[in-house]
Amino acid sequence: MKPALQQDMTVAVPSNISMRGRPAEAGSNALTGYTAVEDATVVRRLREAGAHLRSSACVGEFGFGLPVGGAAAVAPRPSAGGAEAVDGAELLMDFMGESRLAAAHASIYGLKPSYGLVSRFGLIGLIPSMECCGILSGSLNTIGEVLMTVAGQDGLDFSLPEEDAPDFSPREIRPEEITIGIITEAQSMAAGAERSPATGDSRGAPTPRGAEGFRASMEELRRLGFTLREVSLPGYELFSLVHRVVGSVEASSAAGRYDSVRYGPRAPGAKNWNEMYLMSRGAAFGTLIKSYLIQGAFFQFERYEAFIDACRIRARLVEDMRRLESEVDFFVLPMDDGPAQEVRSGAGVPPSLAGLYESHASTLYANVTGQPALYLPPVPGSAPTGFQLTGPRLSDGRLLDLGRFISESWGGE
Amino acid sequence: MEFEAVIGLEIHVELNCVTKMFCDCPNHPGDQPNANTCPTCLWLPGALPRLSQEALEKASLLSLGLGAELQPRSAFDQKIYYYPDLPKGFQLSQIHLPLSRGGGIDILDEDGVTRKLRIHHIHMEEDVAKLVHEMEGRLPVGLVDFNRAGAPLVEIVTEPDFRTPYQAMEFLKTLRTRVRYVGSSDCNMDDGTMRADANISIRPRGTDQMNTKVEVKNMNSVRHVGDAISYEIARQTAAVQADEAVILHTRLWDPDKKATLPMRAKFEGPCVPDPCVPAIELSPAWIEQMRTRLPEMPTERGERLTAQHGLTREEALSLSADPEVAAYFDALVARGIAPRTAMHWLTTQLIPAVRERRQDLNTSPVAPERLAALLDLLAKDEINANAAREVLVEMFGCDEAPEAIVARRGFKQISDADALDPLIDKVLTEQARAVADFQSGQVKALGFLVGRVMQASGGKADPKVIRELLDEKLGAG
Ligand SMILES: [Zn+2]
Chain A
357 MKPALQQDMT VAVPSNISMR GRPAEAGSNA LTGYTAVEDA TVVRRLREAG AHLRSSACVG
417 EFGFGLPVGG AAAVAPRPSA GGAEAVDGAE LLMDFMGESR LAAAHASIYG LKPSYGLVSR
477 FGLIGLIPSM ECCGILSGSL NTIGEVLMTV AGQDGLDFSL PEEDAPDFSP REIRPEEITI
537 GIITEAQSMA AGAERSPATG DSRGAPTPRG AEGFRASMEE LRRLGFTLRE VSLPGYELFS
597 LVHRVVGSVE ASSAAGRYDS VRYGPRAPGA KNWNEMYLMS RGAAFGTLIK SYLIQGAFFQ
657 FERYEAFIDA CRIRARLVED MRRLESEVDF FVLPMDDGPA QEVRSGAGVP PSLAGLYESH
717 ASTLYANVTG QPALYLPPVP GSAPTGFQLT GPRLSDGRLL DLGRFISESW GGE
Chain B
518 MEFEAVIGLE IHVELNCVTK MFCDCPNHPG DQPNANTCPT CLWLPGALPR LSQEALEKAS
578 LLSLGLGAEL QPRSAFDQKI YYYPDLPKGF QLSQIHLPLS RGGGIDILDE DGVTRKLRIH
638 HIHMEEDVAK LVHEMEGRLP VGLVDFNRAG APLVEIVTEP DFRTPYQAME FLKTLRTRVR
698 YVGSSDCNMD DGTMRADANI SIRPRGTDQM NTKVEVKNMN SVRHVGDAIS YEIARQTAAV
758 QADEAVILHT RLWDPDKKAT LPMRAKFEGP CVPDPCVPAI ELSPAWIEQM RTRLPEMPTE
818 RGERLTAQHG LTREEALSLS ADPEVAAYFD ALVARGIAPR TAMHWLTTQL IPAVRERRQD
878 LNTSPVAPER LAALLDLLAK DEINANAARE VLVEMFGCDE APEAIVARRG FKQISDADAL
938 DPLIDKVLTE QARAVADFQS GQVKALGFLV GRVMQASGGK ADPKVIRELL DEKLGAG
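Taken in order, these protein sequences are the chains called A and B. Each residue of the first sequence is one higher than the one before, counting from 357 in this note's numbering. Each residue of the second sequence is one higher than the one before, counting from 518 in this note's numbering.
If you're looking for bench data, these hints aren't it; they were derived computationally from the structure. None of the values given here were measured: they were computed from a predicted structure. By construction, the Cβ of each residue, glycine as well, lies at the ideal position given by its N, Cα and C atoms. A portion of the hints provided could be inaccurate.
DEER-style ranges, computed between Cβ atoms [to be verified]:
#: 1; chain 1: B; residue 1: PRO812; chain 2: A; residue 2: THR643; range: 56 to 62 Å
#: 2; chain 1: A; residue 1: GLU593; chain 2: B; residue 2: ALA802; range: 42 to 48 Å
#: 3; chain 1: B; residue 1: PRO589; chain 2: A; residue 2: GLY625; range: 50 to 56 Å
#: 4; chain 1: A; residue 1: TRP629; chain 2: B; residue 2: LYS774; range: 54 to 60 Å
#: 5; chain 1: B; residue 1: ASP703; chain 2: A; residue 2: TRP629; range: 29 to 35 Å
#: 6; chain 1: B; residue 1: PRO543; chain 2: A; residue 2: THR643; range: 48 to 54 Å
#: 7; chain 1: B; residue 1: PRO721; chain 2: A; residue 2: GLU593; range: 52 to 58 Å
#: 8; chain 1: B; residue 1: THR729; chain 2: A; residue 2: TYR660; range: 21 to 27 Å
#: 9; chain 1: A; residue 1: GLU714; chain 2: B; residue 2: VAL658; range: 47 to 53 Å
#: 10; chain 1: A; residue 1: ASN385; chain 2: B; residue 2: THR809; range: 52 to 58 Å
#: 11; chain 1: B; residue 1: PRO795; chain 2: A; residue 2: ARG672; range: 20 to 26 Å
#: 12; chain 1: A; residue 1: THR388; chain 2: B; residue 2: ARG872; range: 52 to 58 Å
#: 13; chain 1: A; residue 1: SER682; chain 2: B; residue 2: PRO801; range: 28 to 34 Å
Some residues of chain B that are not near chain A, with every Cβ distance over 10 Å (derived) [as the list claims (entries may be wrong)]:
#: 14; residue: THR710
#: 15; residue: ARG852
#: 16; residue: GLU886
Isolated chain A (complex conformation):
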């Protein structure tokens, strides 16, 4: 097997991805003092391929959602400094689009791989059915190499489907043979248009930076010779709701495993050990995670039917996307990278669930459906924001080919 990684590549690994012998506190008080006893499979494979691993901090508790407010300040940077910056990569746990959002803030590339393509063994997560290990870099080739190194079957993660990792070897892109779908409803949501019957007509609506950048990017894609076709996904606006219900219930049901007793701070003053367990859990989590867990507990115990409905809608959305995949090869979606810069720089704004979901509104879909999604930074000088490309599950390699083709035409890479 040929080595997939360039020599001396540096990969930054946050503390919610286990590295044997390193504190794995995942940015949570609940894991204070916990040291990983095993390497995550992604870490082990990178190590074996000769990568230099370096630690990075978690953005927010468990790395869950880039906090509204502090995001710009803590956005990941390409790992190695100076001129070699493009050679580095950064891993980032992706629960709701964090790797694409962080890439947007840093103006680099960010990939959320297909669900089930990369082992989750050793990832300290919250929402098993939606989370995965995202990859950021200033170079798409680097992202491709890292993905090729970490992807594929793992005897330690039985949840990976029994399928071979797709062919990642670069293949030619002929724009005239490729149809890219524009999801009407995603476009209008980014434009802030009313969510009336999805006509896609956003003229006259307020025009945030996302919509503006998106329009400019579409023009560029047309100019490159791709066929663009508008397609409709009437359920698009439900992605956020489905993510919120299913994600919070999964988190709430299983978060008890971060017990804060065998590691982390034990709550003092309990009368017996049962009480000590309960009090420790109560004291361990921060406000944002706690409100997420409480929301999940509410759906699980008070509105279980809503959870079942959300699971059903999720399955339908996956089906709907699959149906659209028969009409187009890829999709292009706007990237709303959050409120205007002025607002974002105001660090210290307490993170709220509503704010978190709002800031990830344009990225949640891929975590719900399990598709791969790639963030491309804007065309230099022509648009204020970049956009996302997505395609069928396991089309990760082709998605990177497409991204590379577009970037190169724009003078990138």
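Please arrange chain B with the ligand on chain A, whose structure you already have, making use of the hints.
Just chain B with the ligand now, with coordinates in the frame of chain A:
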């Protein structure tokens, strides 16, 4: 008003797998505390469960052995449960989609009537850790032993088909036999590899209403299950007669007080499907392959023994209750030993001898071919029964063939009339009184004389030949 009980059982069976259910740790809960643990069964951050194929197979065989139907698709859920013996806060269990459904066991009830007691479903789940309470000096401490955490369990949930404690006890005994047969578990209630909880309610006899039930736990023998159910029926009947409401709750059986006592309410809520353990898809071919691995089951085996070898129902059942005993019996018969002789020697001689030596029938030095060789000598009158019993004892201590032991110990039976004649004449002379008794019609005296001749031969004479010779001599007068 006369009441009848409506009883259902929930039976946990610990599978005798080599590893735990979701990791490769040895499934030996009794080892040094926390020796058999890993990040998965300690549920450390980042660990993932990996369902053991062996657990799936043993649970499937158990299901088939109880007549249940394996489901094409089953899955694990997270059963929320907060207690220090489950620090991760949820137990992996199949709540929504169990491994198998249906099935049941036929028992003979107290009136000798065959009754089918149905199984609702059978599901897999992981066991929890064990809590140990100790004193460190004067400070009480609670310790958690994770050796049992993640051990493979199945839970068998019955329909509320039972009406009496007797039926519940019979069901458990038959269930135990069948599960041992398929080789999935030892099913010992005293060491906890089988645990039974009972749901009990009462109603006026003849109605079909379902009233509030009470769950009773902590019975660690089949007998305790019967006692606890009896107690609970009496307690609920008294309550209803005193116009008190029966409240849904859980009680623990206290074997010393011989009473059920209420226990703290358990938190229960809807379960969420576990996103990490993939759903289990069983193909018809896989299920068929499991079915071919099922041994002949005890009821069928019992019926075959009755039909083929003319044993009584009781004899056949006593042989077929234990798969090892039944297999041993089959092996003896296959070597030409008469079925009744085989049954007699197996149940009255070999099994007690094996038990006395704390051995296993399977691994004891007296393999079926050796016992068959011994019984063959007996059948050919080369030794008598007393000698055979002594040879059997010797066979436990050496690997000599029975013939060799017989020769070495000089056990070969004297059947030669010429050799026995002088002994008989001597006894007849010495025991003139007994001879007179016999001749005056006291038949019993003959047995006495046979015994005397046997004694004189040092136990080696063939009693049949002695009897013939005595008949001849005394009859001839
Ligand atoms: Zn283990």
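Results for each hint:
no.	hint	result
1	PRO812(B) x THR643(A): 56 to 62 Å	59 Å, holds
2	GLU593(A) x ALA802(B): 42 to 48 Å	44 Å, holds
3	PRO589(B) x GLY625(A): 50 to 56 Å	52 Å, holds
4	TRP629(A) x LYS774(B): 54 to 60 Å	27 Å, violated
5	ASP703(B) x TRP629(A): 29 to 35 Å	32 Å, holds
6	PRO543(B) x THR643(A): 48 to 54 Å	43 Å, violated
7	PRO721(B) x GLU593(A): 52 to 58 Å	57 Å, holds
8	THR729(B) x TYR660(A): 21 to 27 Å	23 Å, holds
9	GLU714(A) x VAL658(B): 47 to 53 Å	49 Å, holds
10	ASN385(A) x THR809(B): 52 to 58 Å	55 Å, holds
11	PRO795(B) x ARG672(A): 20 to 26 Å	21 Å, holds
12	THR388(A) x ARG872(B): 52 to 58 Å	56 Å, holds
13	SER682(A) x PRO801(B): 28 to 34 Å	31 Å, holds
14	THR710	27 Å, holds
15	ARG852	47 Å, holds
16	GLU886	44 Å, holds
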